[in-house]
Amino acid sequence: MHDPSSKRRPPHALWRWALIGVAMAGSAAAFGYVGGWLAPGRLTPNSLVDALQANGGDHPGYRRNHAKGICVAGHFESSGLLAPYSSSPLFQPGNTPLVGRLAIPGGNPYAPDSSAPIRSFALRFDLPDGEQWRTGMNAMPVFPVSTPEAFYELQLASHPLPDTGKPDPERMKAFFTTHPETTAFLAWVKTAHPSASYATETYNSLNAFYLRDAGGQRHAVRWRVEPEGAIPAASGPAAGDTDYLAADLRQRLGAGPLRWKLVMTLAGPGDPVDDAASVWPDGRQEVVAGTVVIDGEQAQDSGPCRDVNYDPTVLPRGIEVSGDPLLAARSAAYAESYLRRTSEEGHLPGTESPKEAAR
Amino acid sequence: MNGQPMFHPFARVMHWLMATMILAMLFIGAGMVSTVSEKHQWLVGIHKPLGAAVFVLALVRLGFRLTHPAPPLPADLPLWQKLAAHASHWLLYALMLAMPLIGWGMLSAGGYPVTLGGGIQLPSILPANPALFAWLRESHRYLAWLFFLTFLAHMGAALMHGLIRRDGVLRSMTVARRD
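Residue numbers (this note's numbering), protein chains in the order written: chain X, 648 to 1006; chain U, 36 to 214.
Since the hints were derived computationally from the structure, they do not count as laboratory data.
Every residue, glycine too, gets a C-beta built ideally from N, C-alpha and C.
All the pointers check out, no bait thrown in.
Among chain U residues calculated to face chain X with C-beta under 8 Å, some are:
1) T70
2) V71
3) F168
4) I199
Whenever a hint applies, use it, and build me the whole structure from the sequences.
This is the structure we're talking about:
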């Protein structure tokens, strides 16, 4: 009896084994490259969120940016005027419930409200058929940068120095001189002051999107929510009060709902739809899609906005992403931030637990 | 030689079709979470409907496999290799079914609408819950690793059968020898 395996011993066995090894190692290397482990130069959601976290500090359970905020609830009253431009049932006349969040930028949930001259407003519209529209808007007319790479570099440049707690001015200056797209933002930010109220602000989508009408035509737009009617200015915070925005909001909501008009601006010919750092000229056609009505607020630690990732690429049919490279980056980075904070919330192994009742 | 044991032609077509889809899924998944570029958007857009398709095809294939037994492994194959072959095949089936379900459940628990593109929307299969989301999301990641490693072992073993042992096992899943 012959040993059957020795009978089958193939010619050039070593080469055959080598071929198998190459096939396996090649597959593993390809996977490693695509997954980013063998491509250290790639800007990943991880590195972007790491940079935000390095600037804001470690605050388990909180968002890695716009960490300080408050949950709001209400509904959207559609005017029906946008229906010719978007097929979404959201824009047919009628009401749609929404869950929102008002916040300030930065990764520190304990930062004073005056730490940035910008406020943000995020909304999730819950359509009857289960579709959602999520949008994150900022009270500024233009975004500082056009690309995720530049946003990442801006985070690195604005890393606070250990001794002053503020960014290195030289480094910031170097960043802005090498990024001329920041000109419009810089011109605005010089005149900007931290508002004493969320209610008086106008919040802009900054990124452009497409509306898709029932006929299949698409229309490039940006949108904003602006206070409806005359809003009394806040009296201004008392000296030393660093949490005045939430208190002001509570006080106003105690007196009645707050209303913002949702205004869609249609792009004119040649307006950039892929660059959030450039302003569209005045005089573009505008459509008032309806009114965002906010009638309740809740602390973010326990409110319904806590577990919402306001990913601006979650869109109903009738609204679509544009070619703006920041949109994909926001989606990818928000997902990473959401995973980190929900992991902390869920006490997953290897994560820090949120500090209970820290405030 | 006519007694050459072969998989049923339907099983072979399904095997190679799903091998392509699953390998694409693993690469798309790994790629989409590692980039902030526009690729992220379109990779996510492919990942969800392709995952749903893998789930449906895996059910069909499992049903076929349970009613049409695979050709026997060579009698002289060492016992540990037989065990490894059976275990890895059932592990692959389990992952084909579990990964899409975990993905679906994870989006549900995260409160996301589960859209497959083209206006197709799946219902939520779990209540919105952040801890559940995080557990499922991390399971999806680590099981994807396990999936890829099992694929590597499967491919290595298939090549070993085809190139070293030359015992007809690889051939039983490809095309019959023309004698």
